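Participant: Sequence:
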Amino acid sequence: MLKLYDSLSKKNKPFVSLHGNRVYMFVCGITPYDSPHIGHARAYVFYDVLAKYLKYKGYNVFYLQNVTDVDDKIIARALESGVKAGEVSSKYFAEYREVMGKLKVDSVTLYAKSTDYISEIIDLIKKLIKKGYAYPSDGSVYFRVNKFEKFGELSGQIMEKLEEGASIEPDDAKEDQKDFVLWKGYKENEPYWDSPWGRGRPGWHIEDTAIAMCYFREHYDIHGGGVDLIFPHHEAEIAQAEAITDVHPFVNYWMHIGMLNIRGEKMSKSLKNFITVKDLLNKYPPEVVRFFMINNEHLKPLEFSFEAMDTAKVSHEKLVRLRNSLSTVDFDSEFDAELQREMDHAEERFFEAMDNDLSVREGFAAIFTVLPKINKALSDMHGGREQYNNFHDFLNRVNLITDIFPEEDRGYSEAGRIGTLIDSLNQYREELREKKRYEESDRIRSILEKSNISIEDTKKKTKWNKR
RNA sequence: GCCGAGAUGACAGAGCGGCAAAUGUGGCAGACUGCAGAUCUGCAUUUUGGGGGUUCAACUCCCUCUCUCGGCACCA
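Going left to right, the first sequence walks through residues 16 to 482 as our numbering numbers them.
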């Protein structure tokens, strides 16, 4: 049974959905004011795998991701470059969609832009004011943090102690400096919407709550984001929602992914230590990037380096090679019971690991354990074709969840036309090798290498693969 | 200052009362090979950040100290 770590109860909890086989999952999306960096990639690739695993298990997943398309940073960026805020956000949102597409992050059901939900946001704020949790002041509206007793439950923060080190700029419009803004009063050169409190725009925290409640109502299954969002963002979301509905908890599973670090520090725009997803994809195939992003414990920080990427690339290649060899088994020997036992064990371990709060790394470890045994059996031509087919099928199921394998190109396979051509070339090369005309045979090999066909001479025959 | 996470072989990184080290990378040696690559087999490093406690038994639980990272009202 699937267990997920819930940061609110700080426990691994068996996953039980609220509405039968439907799962409602919300993940905090980006604020599109610049190119997405690989810290974003880690988060969204992970949640993509979570959604795909839930789907694999038979759930119908409604994966909702918000887009904060109006925000201080977008406005600042727009003023800087002399364009409209909307142009900045749509440009970078398009770029985000593009790179996520390349990374095969395709499980999101709906991307919801904040500016499409202004009336829902205003409604929510009205309700909060009516219940005494919010107050208008000087054109803005603030949330009265002290009135919500559970504030701090998720992060463990003790409100009284927090004030000492608080770095917030004092704001006279607030009753209490801990209060956060729900509606920001209009300032010159800023986008605005009309509201009962005058022109203005929504605060950051209220957008997510409004969007999530619009589709999922007062109680839903999963809410994900980075650990850096726990405080204050997710505390605020809980406060806003529960203040209105009195339903606790608002969300059954709060999931938080660890940061991606570079040289020991969190990768972020403000530290200027970021690498864009685009740049990384210029150096590594998307499958390798995905493998790197999920081959770790998602609760912990992940240290990024090009050395670590190269390591990931080498081990990823072993998996790809294994799958390729399995799809081109051309013998059928006696069923190997011992091998079958190892294969079954690997499969079992893989799904156990996935069920244990998506321990993807542990899942891959299970495959790596059986990998040398399969390779050995293949080179000794032991084992039945069916058992290899079954394991190939298992790897395909792994791929439904993780999407780490490149597409198997049928045009290049042995049955395909290009495959037949390569086979003929190899046959000729064999003849040359038998006659010890190695200079010529090596030349064929190097020509094929240039077309990304790698040649492997083994005991019994020559194998080739598309790279 | 407060809140949270963490410290394990050369590196990355699991295990969380019972043979320390899964798994990956790298190193060395060997097998295969005309060469190359891939693959396979074997070997090595260390005693789990420091100190104290509980226990027949501690990497694992408790206390304490040191250090690292994240959050503290911008952020995945």
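Bear in mind the hints are in silico, worked out from the structure with no lab data behind them. Honestly, I wouldn't trust all of these hints.
Stated by the list, open to error - Taking lysine-lysine and the DSS-like style, the derived pairs with C-alpha atoms no more than 25 angstroms apart in a straight line are:
#1 Lys119 with Lys106
#2 Lys333 with Lys88
#3 Lys119 with Lys481
#4 Lys199 with Lys142
#5 Lys70 with Lys117
#6 Lys88 with Lys202
#7 Lys26 with Lys199
#8 Lys333 with Lys165
#9 Lys315 with Lys281
Said to hold, decoys possible - The calculated label-pair distances, taken between Cβ atoms and stated as ranges, are:
#10 Val31 with Lys142: 28 to 36 angstroms
#11 Lys18 with Glu445: 48 to 56 angstroms
#12 Asn276 with Ser24: 47 to 55 angstroms
The structure presented is a predicted model; accordingly, all values stated were derived computationally and were not measured. Positions of the beta carbon are idealized from the N, C-alpha and C atoms, including for glycine.
Participant: Against the earlier hints, flag every one the structure doesn't satisfy and list their numbers going up.
Facilitator: 2, 7, 8 and 12
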